[in-house]
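Protein chains in written order, with the working numbering: chain S, 43 to 523; chain R, 43 to 523.
Keep in mind that the hints were calculated from the coordinates and are not lab data. Here the structure is a predicted model, which means the values were calculated and not measured. Heads up, some of the hints might be wrong.
Note that identical chains are pooled: a pair holds if it fits in a single copy or bridges any two copies.
Claimed, not checked - BS3-like, lysine-lysine: derived pairs with alpha carbons at most 25 Å apart:
id : residue 1 : residue 2
1  : K103      : K360
2  : K166      : K287
3  : K403      : K416
4  : K296      : K282
5  : K49       : K166
6  : K189      : K287
7  : K287      : K360
Number of protein chains: 2
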Amino acid sequence: MVTEYVKAIPAKAEDFSEWYTAVCLRAELADYSPIRGMMVVRPYGWAIWEGIQGWLDPRLKATGHVNAAFPVLMPESLLQLEAQHVKGFAPQVAWVTQGGDEPLAERLAVRPTSEAIMMPMYAKWVQSYRDLPVLIVQWNSVVRWEKSTRLFLRTTEFFWHEGHTAHRTEEEAVGECRAILELYRELLESVLAIPVLAGRKPPSERFAGADDTYTLEALMPDSQAIQAGTTHYLGQNFGKAFQVKFLDQDNQEKYVWTTSWAVSTRLIGALVMAHGDDRGLVLPPAIAPHQVVIVPIQRKAGGADAAGVGEAAAALAKQLGTRFRVMVDDREHYTPGWKFNEWEMRGVPIRLEIGPREVAKGEVVLVRRTGGDKEAVPMERLTERLALALDEVQADLHERGRRFLNEHITAASSVEEIGALIADRRGFVRVGWCESQECEDQIRERTGASPRLIPLDDRPEGACVVCGRPSRATVYYARAY
Amino acid sequence: MVTEYVKAIPAKAEDFSEWYTAVCLRAELADYSPIRGMMVVRPYGWAIWEGIQGWLDPRLKATGHVNAAFPVLMPESLLQLEAQHVKGFAPQVAWVTQGGDEPLAERLAVRPTSEAIMMPMYAKWVQSYRDLPVLIVQWNSVVRWEKSTRLFLRTTEFFWHEGHTAHRTEEEAVGECRAILELYRELLESVLAIPVLAGRKPPSERFAGADDTYTLEALMPDSQAIQAGTTHYLGQNFGKAFQVKFLDQDNQEKYVWTTSWAVSTRLIGALVMAHGDDRGLVLPPAIAPHQVVIVPIQRKAGGADAAGVGEAAAALAKQLGTRFRVMVDDREHYTPGWKFNEWEMRGVPIRLEIGPREVAKGEVVLVRRTGGDKEAVPMERLTERLALALDEVQADLHERGRRFLNEHITAASSVEEIGALIADRRGFVRVGWCESQECEDQIRERTGASPRLIPLDDRPEGACVVCGRPSRATVYYARAY
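Same shape as in the complex, but just chain S:
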């Protein structure tokens, strides 16, 4: 009988970084692999990723996107075709130089992103305007050689989906970027309960080879921003570099306009940071692998079940299972108290306790992971009450996040003020910018913050915070993951 629960999670407020790693490990979301910087996503973490897939995939399919699979390796020569692209990725590539017993004539990159292997195929497949748009998505992993890594947030291999689309017109390609960004925003806000700011990246922060990068940025409790999803408008850069051409209805040969976009397992890191507390993980019901855990409370653990508690718990699970994601923890080797700690640490939104007294009275005790009183709920009202409680937890987490984000956006009118606000962990700092690289570099150097986004509906006003010339864009600065 295991009675003592060893938590070993430091307080979130004391050492945020240690707390984060401890929660990822102890909640069994991920683990370190034998390869430096590469993580293992454990079943509980992967179930969260499957929840994200299960939400996104049908929505992408409903809008005409299809899945496919392209090789994990790509020749160096293809990676070099788009000049900006290779510049951005080459320093981070893992290179295969030997296949079986043979040294390779040309080294192959382990997929860092798939533009360079997909575009040559698009060039082959696209002949006519009738073949457009091409709307292909891959769910896979990519490898980028990182010097310093953290579970989910920055790892040498990470898991993602990557969408790569080719269009007949510029408008359609830009529209695709905006539509996917909106889909990602809905995922973040309504499923993961993480409020975000949406915007465009300044040129220095764009994807390598993009004409425009759209981004969602969330703010973590340590006041650092995290990029939570991006869509890239690639113009005709890749169309030209890879000769993806089509005969248009007007009989002219034209280059396609392309986009690429992604969200990754990094979202799981954001989820941990955004909602977790000193007892461990807190999962929004919309994404929790188990929304409800039922803990039967026997008079004596492992002993006789005179009151029919086990049976009642199983019947309850069966009944609720048609509507909610439910699990019963009927393990005999652990005490109820141990199980309470365990499932709180693993972030299950609702716990139901059922013991002899509850069986006798025809009720169960409902406990919310996010706090509040224990509540005795009569069996006949349970489904209804549970649905409501889950909605409340979901809304509560989102609301807390929204309040935190709103309270952490401040305007600044000098570089010194930016620096002070950043040092004071005040989150996003909003400033006017003349769009010169020199002014941006000054802010970066003097504050340690980077430009996170320019709002989608930006109406710049006032002066550049550095040089005083008229502002041409409003920029949100923050320290970032």
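With chain S held as given, fit chain R onto it using these hints.
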């Protein structure tokens, strides 16, 4: 307006190999990538793979299996820990020797299979009998450097799921292998409509590191066998090599018993070969991405739709879509005849034609991909008729396959007879075997066939076909993919 349909598929009976490749390419299941031996699985092919995933994944989960993700790269030293395993895989490994700008101290294998990266984690996670069984599955791809390749059947990269389980007892591990084999058999027979023989491999054909390999073998129309799914009983080989130990209930420290198993995108190749014909692909309804294609027949393509044909087709698709996987081909640029050819080539089981006459009479014309008369079906009976027709096509394909398999198993009583039967494309040849490697090698050398399986319920009788000593196993020989 595109009217001329260019098929360019050779006759199946004339050049099976050319026919196969042409169908894979023309039906847009797969394409050659710029990397030798690596294929691109195109959206239509991937949709079939998703159908296989969609059938297997919930069934694996219902039996306690969970998904996870382990690194795509693994250190050479780990691959070497299990002696037979490294011997089997090392010659086929793609090696990463450079990460970003740094040459690596130890080269890393691109995943050829994941035992060597998963077992060190199991060693860390498993302490007590309470931690067992571990039942983890990955859906990913593996790379094995192949000298000669064919789309789906043998490619340098292929897609699969790999299950890796660790158990407390030998019996449980063997039971897992048998249960998964049975699951695979159901997939093959009732979803893919491909009849199989189930059995064990002789030692020479086992997975590198296994004590026993269970296999499903199907017979293709060219009389060559194809391995369609395998489960491996690994005994304590990997438990000992990777020190995966647990404290049992009796307080003894013991090594775990492990299994691994997989089916791969090779199944798509088997599907093409098993059912296709001179007009292209034929897909069993249970796996077809589109079970039904609706082709509206306008009086004049692209012209006015006075009879309301387009509207009727859309309404029909909506109605049938709640029960079947339906698509409407309402493209204006192609004639109905072109579409008929196209969807037959892509193997859609049922076509529904609807023109002004059908709209007027309140019926549609139903055409089966597997042949038989065109059938006018009144609207009110359509759902029922369609369900039946799909069942008929599914059953018909399976029945054809069953008959073909049964007619292609012959007993032989001499090596000469084996050779003659194999040369005559008679499929599986059944013989008695004394279990000596010498006798097996003689058959291989003199007939070009390999031993495919020993039946699960084998009752050997008679004499070894080579040496005349008493038979200790019945072996099925065939040429194989």
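Do the hints match the structure? See the list:
no., hint, result
1, K103 with K360, "between (32 Å within a copy, 17 Å between copies)"
2, K166 with K287, "within (9 Å within a copy, 53 Å between copies)"
3, K403 with K416, "within (16 Å within a copy, 65 Å between copies)"
4, K296 with K282, "within (9 Å within a copy, 61 Å between copies)"
5, K49 with K166, "between (56 Å within a copy, 18 Å between copies)"
6, K189 with K287, "neither (39 Å within a copy, 34 Å between copies)"
7, K287 with K360, "neither (56 Å within a copy, 35 Å between copies)"
When the structure is compared with the earlier hints, violations turn up for hints 6, 7 and for no others.
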